[in-house]
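So for the sequence shown, our numbering puts the first residue at 232; every next one is plus one.
Don't take each hint at face value.
Listed next, with one range per pair, are the computed distances between beta-carbon atoms [unchecked claim]:
| # | residue 1 | residue 2 | range |
| --- | --- | --- | --- |
| 1 | 276 | 460 | 34 to 44 angstroms |
| 2 | 343 | 404 | 36 to 46 angstroms |
| 3 | 346 | 324 | 23 to 33 angstroms |
| 4 | 249 | 356 | 45 to 55 angstroms |
| 5 | 405 | 245 | 24 to 34 angstroms |
| 6 | 270 | 310 | 23 to 33 angstroms |
| 7 | 333 | 248 | 16 to 26 angstroms |
| 8 | 251 | 283 | 43 to 53 angstroms |
| 9 | 334 | 428 | 46 to 56 angstroms |
| 10 | 392 | 359 | 10 to 20 angstroms |
| 11 | 401 | 331 | 15 to 25 angstroms |
| 12 | 405 | 334 | 30 to 40 angstroms |
Since the hints were derived computationally from the structure, they do not count as laboratory data. Quick caveat: nothing in here was measured; it's all calculated off a predicted structure. Cβ coordinates follow ideal geometry from the N, Cα and C atoms, glycine included.
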Amino acid sequence: MDAARVEACFVTVAGEVVQQRLGRAAGQVRFEELGPVAAFPVVPGRSWGPGWWWSSTTGRLVAHGSMAMRMQLMLLDRERSVTGLAGRPVRLLWREDDGTVRSWVPQLFARYADGGALLADCPAVPGAGGPAAQRAARVLARVCEGVGWVYRRLDPPSPVVAANVRWLAGYRHPRFGADGVLREAVLAAFARPRALAEGVAAVGVPLRAGPMVFHLLWSGALSAELADRPLDAGTVVGRGVAA
232 MDAARVEACF VTVAGEVVQQ RLGRAAGQVR FEELGPVAAF PVVPGRSWGP GWWWSSTTGR
292 LVAHGSMAMR MQLMLLDRER SVTGLAGRPV RLLWREDDGT VRSWVPQLFA RYADGGALLA
352 DCPAVPGAGG PAAQRAARVL ARVCEGVGWV YRRLDPPSPV VAANVRWLAG YRHPRFGADG
412 VLREAVLAAF ARPRALAEGV AAVGVPLRAG PMVFHLLWSG ALSAELADRP LDAGTVVGRG
472 VAA
């Protein structure tokens, strides 16, 4: 599928519905600043529905439609190369060779510091999605490559990674890192890798130093191994620890 055959439909900041060639829109439209082009579906009988994620990257709310999507928002929000996030900001439309018109609304849009972009869907389990989703994924992968973007179906992280990132996300707000004096003391305490509890104790004010450590782990100023075990007092924290 050639990108020239694909249209992008989106709602501008002023509320105007626009449809234009994707190749043109990709170079001109800041999709990371747009709201959803279509509402997230509400599935009767499910205990989880659409919601909002406050992004520490942008300082704004990002719409999401599922727990799986919220998890991917957390991961992208923590990624230092990401500069913008949006939920469902664009609908892509194209005509198949047999004349059938298809459309797809990817769940996530992320902008990167180098100007590149990611369109993504967030399946709840690897490989989820019927034939329409799989066909759209193949088309979008080719189309996005043609405009300098990337399309991916983002598989859920492991339960350990998900739990650790959810914990750190609770300390993502800048208020947890606002005390500059405490920040320097915490960074000094973890200048060499050491157990989390040991470093917090060295700072001398554990009730204040603990949240600061979690904030710095979220922002990347400190690092720790998040994949092998849940965060606890013995987790090794430092600068440059393999994350």
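Hint by hint, here is what the structure shows:
Between residue 276 and residue 460, the C-beta spacing of about 36 angstroms keeps the proposed range 34 to 44 angstroms intact. The supplied range of 36 to 46 angstroms is broken by residue 343 and residue 404, whose beta-carbon atoms lie about 23 angstroms from each other. Checking the proposed 23 to 33 angstroms range against residue 346 and residue 324 shows it holds: the Cβ atoms sit about 24 angstroms from each other. One distance hint, 45 to 55 angstroms for the beta-carbon pair residue 249 and residue 356, is violated here, with the actual separation near 35 angstroms.
For the pair residue 405 and residue 245, the supplied restraint of 24 to 34 angstroms holds, since their beta-carbon distance comes to about 29 angstroms. Between residue 270 and residue 310, the C-beta spacing of about 27 angstroms keeps the proposed range 23 to 33 angstroms intact. For the pair residue 333 and residue 248, the supplied restraint of 16 to 26 angstroms holds, since their beta-carbon distance comes to about 19 angstroms. Remark: the range hint 43 to 53 angstroms for residue 251 to residue 283 is contradicted by a beta-carbon distance near 28 angstroms.
A hinted range of 46 to 56 angstroms holds for the C-beta pair residue 334 and residue 428, which are about 53 angstroms apart. Distance hint check for residue 392 and residue 359: the Cβ-Cβ separation is about 19 angstroms, which falls inside the suggested range of 10 to 20 angstroms. Checking the proposed 15 to 25 angstroms range against residue 401 and residue 331 shows it is violated: the Cβ atoms sit about 46 angstroms from each other. The supplied range of 30 to 40 angstroms is met by residue 405 and residue 334, whose beta-carbon atoms lie about 39 angstroms from each other.
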